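Peer 1: Given these sequences and hints, build the entire structure.
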Amino acid sequence: MSNQNVLIISDSWNQNYWNILSHEIEDQIGVVRIALDSETPKPWSNSLWDTIVMDISDLDQLHNLIPEIHHEQPDGKIIIVSSTPTWKLTRDVIRLGATSLMRKTYHLDEVLLKLSSSPHSSDHSNHSVP
Numbered sequence: 034m035s036n037q038n039v040l041i042i043s044d045s046w047n048q049n050y051w052n053i054l055s056h057e058i059e060d061q062i063g064v065v066r067i068a069l070d071s072e073t074p075k076p077w078s079n080s081l082w083d084t085i086v087m088d089i090s091d092l093d094q095l096h097n098l099i100p101e102i103h104h105e106q107p108d109g110k111i112i113i114v115s116s117t118p119t120w121k122l123t124r125d126v127i128r129l130g131a132t133s134l135m136r137k138t139y140h141l142d143e144v145l146l147k148l149s150s151s152p153h154s155s156d157h158s159n160h161s162v163p
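In my numbering, the protein residues as written are 34 to 163.
These are calculated hints, taken from the structure and not from any lab test.
Be aware that one or more of the hints could be misleading.
Stated by the list, open to error - Here are the simulated lysine-lysine pairs, BS3-like style, with alpha carbons at most 27 angstroms apart: (1) Lys147 with Lys121; (2) Lys147 with Lys137; (3) Lys75 with Lys137; (4) Lys75 with Lys147; (5) Lys137 with Lys121.
Here the structure is a predicted model, which means the values were calculated and not measured.
Peer 2: Below is the structure:
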């Protein structure tokens with residue numbers, strides 16, 4: 034286990050997807066916290082996160098949140114999840130500060146690979162997570 038702190042910010046449409054995968058991610062990667070974007074204001078601001086996964090359908094909301102998260106968590110990876118990724122969406126989120134974009138999949142190996150690898154290196158593993 035790589036012992037990462039992973040925050041998953043999801044809208045209600047995608048919550049079941051992450052609930053299904055979170056136990057396996059936790060077994061392989063580290064601590065996982067799932068936050069609904071509508072219920073928890075700024076869930077990234079209470080702790081240092083190695084990886085922040087955003088699975089939010091509202092693109093305008095993504096465009097507002099990515100720069101804010103990147104500013105507050107400059108060493109953390111920001112991975113955007115989309116069921117229909119395009120080159121334009123990928124370009125836009127990378128320009129805003131995201132590390133990468135991942136196609137939504139139920140293939141656990143692909144999810145784990147994406148969450149455990151990144152061009153950013155961070156060392157938040159010694160920090161506590163709520």
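Peer 1: State for each hint whether it applies.
Peer 2: So, going through the hints one by one against the coordinates:
| no. | hint | in the structure |
| --- | --- | --- |
| 1 | Lys147 with Lys121 | holds (20 angstroms) |
| 2 | Lys147 with Lys137 | holds (11 angstroms) |
| 3 | Lys75 with Lys137 | holds (23 angstroms) |
| 4 | Lys75 with Lys147 | holds (23 angstroms) |
| 5 | Lys137 with Lys121 | holds (17 angstroms) |
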